[in-house]
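There are 2 protein chains.
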Amino acid sequence: MNKYIDIYKNELLNEIVPFWSKNSLDKDAGGYFTCLDAKGNIYDTDKFAWLQGRQIWTYAMLFDKVEAKQEWKDISELGASFMRKHGRDENGDWYFSFTKRGKPLVQPYNIFSDCFAALGFGALCKINNSNEDADIALSTFNRILERRNNPKGKYTKGFPGTRDLKNFSLPMILCNLSLELEHLLDKSTIDSLIDEVLHEVMSVFYQPQSGLILENVHHDGSFSDSFEGRVVNPGHIIEAMWFIMDLAVRKNDTELVNKALEIAFTALEFGWDNQYEGILYFKDIKGHPVQQLEWDQKLWWVHVEALVTMAKGYAITQNEKCAVWFEKLHDYTWKNFRDAENGGEWYGYLNRRGEVSIPAKGGKWKGCFHIPRALYQVYNTLEQVAEPAKI
Amino acid sequence: MNKYIDIYKNELLNEIVPFWSKNSLDKDAGGYFTCLDAKGNIYDTDKFAWLQGRQIWTYAMLFDKVEAKQEWKDISELGASFMRKHGRDENGDWYFSFTKRGKPLVQPYNIFSDCFAALGFGALCKINNSNEDADIALSTFNRILERRNNPKGKYTKGFPGTRDLKNFSLPMILCNLSLELEHLLDKSTIDSLIDEVLHEVMSVFYQPQSGLILENVHHDGSFSDSFEGRVVNPGHIIEAMWFIMDLAVRKNDTELVNKALEIAFTALEFGWDNQYEGILYFKDIKGHPVQQLEWDQKLWWVHVEALVTMAKGYAITQNEKCAVWFEKLHDYTWKNFRDAENGGEWYGYLNRRGEVSIPAKGGKWKGCFHIPRALYQVYNTLEQVAEPAKI
Chain A
0 MNKYIDIYKN
10 ELLNEIVPFW
20 SKNSLDKDAG
30 GYFTCLDAKG
40 NIYDTDKFAW
50 LQGRQIWTYA
60 MLFDKVEAKQ
70 EWKDISELGA
80 SFMRKHGRDE
90 NGDWYFSFTK
100 RGKPLVQPYN
110 IFSDCFAALG
120 FGALCKINNS
130 NEDADIALST
140 FNRILERRNN
150 PKGKYTKGFP
160 GTRDLKNFSL
170 PMILCNLSLE
180 LEHLLDKSTI
190 DSLIDEVLHE
200 VMSVFYQPQS
210 GLILENVHHD
220 GSFSDSFEGR
230 VVNPGHIIEA
240 MWFIMDLAVR
250 KNDTELVNKA
260 LEIAFTALEF
270 GWDNQYEGIL
280 YFKDIKGHPV
290 QQLEWDQKLW
300 WVHVEALVTM
310 AKGYAITQNE
320 KCAVWFEKLH
330 DYTWKNFRDA
340 ENGGEWYGYL
350 NRRGEVSIPA
360 KGGKWKGCFH
370 IPRALYQVYN
380 TLEQVAEPAK
390 I
Chain B
0 MNKYIDIYKN
10 ELLNEIVPFW
20 SKNSLDKDAG
30 GYFTCLDAKG
40 NIYDTDKFAW
50 LQGRQIWTYA
60 MLFDKVEAKQ
70 EWKDISELGA
80 SFMRKHGRDE
90 NGDWYFSFTK
100 RGKPLVQPYN
110 IFSDCFAALG
120 FGALCKINNS
130 NEDADIALST
140 FNRILERRNN
150 PKGKYTKGFP
160 GTRDLKNFSL
170 PMILCNLSLE
180 LEHLLDKSTI
190 DSLIDEVLHE
200 VMSVFYQPQS
210 GLILENVHHD
220 GSFSDSFEGR
230 VVNPGHIIEA
240 MWFIMDLAVR
250 KNDTELVNKA
260 LEIAFTALEF
270 GWDNQYEGIL
280 YFKDIKGHPV
290 QQLEWDQKLW
300 WVHVEALVTM
310 AKGYAITQNE
320 KCAVWFEKLH
330 DYTWKNFRDA
340 ENGGEWYGYL
350 NRRGEVSIPA
360 KGGKWKGCFH
370 IPRALYQVYN
380 TLEQVAEPAK
390 I
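In the order they appear, the protein sequences are chains A and B. Note that the first sequence covers residues 0 to 390 in numbering that gives the first Met the number 0. Note that the second sequence covers residues 0 to 390 in numbering that gives the first Met the number 0.
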């Protein structure tokens, strides 16, 4: 696995980061453009809270973990200046999207806007020591905890009491966010939160019979035989398992590492497309038709998160199966998502056959986040366990 | 074109209608199952207001227009009994979906639930002469008119005042609904409504420069350079043009027929996939990446509605270009959507290459509506202008 260290590090520092540094900065109004075509040209100037928060995080993380380059700190700050000024409504909840100049376009109906804002400001305050930014991260985090049992509030379309389901995404993200904000939280808060989200993910959403995690379950964790209840998102499961492994390492819990890895393997096998390779986006756990028309597409984040999970699994357990899966995923991902022609950021959306379906590097949901984070996580993980190269 | 009359009529009466009559009826709780797999097996028992209303309409229309079979009237009644009992909230607005036994699952956030309920009860009251059903249709129609400037009400996520767009779907459906409810409305109401929706469709949403109709425009009809503003749904345009042609015939307005047909040709040419044939689901008017991941799929309703538009265009104008397009669409549609193996209803969702992507005959959005309506419309239209067959 050692050979991948340089490959991932070079791609991050020579292709991905320069692409975003060159093309995404709105030096005029602040914030980041994320709607960038294959060559990095801006095709839309709207700004999306998820992607603003995530890019603030990415550049702060690079400054903190890779190299203390002033340029990277300034880029993180550019997004933060926009979001401090325009991001929140009068309750402190984060709008979903904005015009170029920061007028709100879409109301704060989506709690993940808040999660990624907390993530971004949490990382930024680590490198700029700003109390204001620490307050933004912490107050946002507290609002997420307040809102988490009713995250959509008045925008909830479900009729109360008929089929109340809870969704896997929020506990999954809280696994990661709780560690990212560790420097801002007191130990007892974080310990009890971690225990709670571990319980949610590994006992409530996890289904022992299939070995998989469902996207939506009844409040008691039981199965709902409905479109929402049957849907499996293999990429979500696989990504969550590296968050869980990070928590397991922190808790020094080998059993938890092994369990997370076992679930990740099950999800990889369940999601793998034996006909055209790659990981399918959605499948029905009972094999029924799904409601997501894009079910058979291959998405960038699914594949790069799987690379991280296998790299971490390998680093912690030395299980050879991780290396085998890593290589298989690496071959597919680098061949199909990477843009050999234009370089820079990778494509995000492939059809089932692995052909580019949306010829863009970013948009409403894809920005400067999964690929740089994954490239960093892979090389950093492998570096930590690397043997001196055998010549 | 005469040869298509028997082909379309046979398919309707020997394949499509028997499929729904056999597989979709919930004789236990009332209403219709629409989640039916390739062989007609029920894979989910939830019920969806759009599809309940539409199937009530289809069977009432068959009774009214094709043959006064008691079975068809009973089937229309089966859906109506469910919807009368469970369909509405205390304001008379229609829930979006229900459990098998009629408990509401999703709130009345979607005004098209109301449109299709009005359509269904409007057709049923024509054949059962029920004042109650006429009242349901009429009061629903009046609520739609009341709600139409703010159709999503409290579920609206757009921030007011930043980029207020209006959507093409509602005026488009009102074109059709106003004619379908003509027997319930007084002449001055319907005449002024028709003039209003014609203005909306042909002057506000229609863009002279491209010759296309946009899905979303500013309130003054001007272009919004955003994901929502740039998106073109060729199938929507083509379907709307047969609604417009029906209105034009009613108004005896030849110029309007020609204009509608010209727009339909432009949309067909814009939407046609020169690489793999068929009509693409979404395209950006400026050629930018779209946000809809399913943009390159081929959908059943798009193709059968295009067949209706070309059949009507041919019948009214005898323009040979309609016949050429009809044959091209017929060949693609029958080859790819029709299920030669199992028979019955056709498939709904193909990938760009024309392969079945969702192996189901119905689901949350596809029921007993577009295919039977289109088959009926095509053969009935061609019958009306048919020359005696040349032997």
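If you're looking for bench data, these hints aren't it; they were derived computationally from the structure. Please note that the accuracy of each hint is not assured.
Identical chains share a label here; the pair holds if one copy fits it or two copies do between them.
The list that follows gives simulated cross-link-like pairs (lysine-lysine, DSBU-like), each with its CA atoms no further than 35 Å apart [stated by the list, open to error]: (1) K258 / K26; (2) K21 / K186; (3) K26 / K165; (4) K26 / K156; (5) K102 / K258; (6) K2 / K186.
The hints, checked one at a time:
| no. | hint | result |
| --- | --- | --- |
| 1 | K258 / K26 | neither (46 Å within a copy, 47 Å between copies) |
| 2 | K21 / K186 | neither (40 Å within a copy, 62 Å between copies) |
| 3 | K26 / K165 | between (40 Å within a copy, 32 Å between copies) |
| 4 | K26 / K156 | between (39 Å within a copy, 29 Å between copies) |
| 5 | K102 / K258 | neither (46 Å within a copy, 39 Å between copies) |
| 6 | K2 / K186 | neither (38 Å within a copy, 79 Å between copies) |
When held up to the earlier numbered hints, the structure conflicts with 1, 2, 5 and 6 and fits the remainder.
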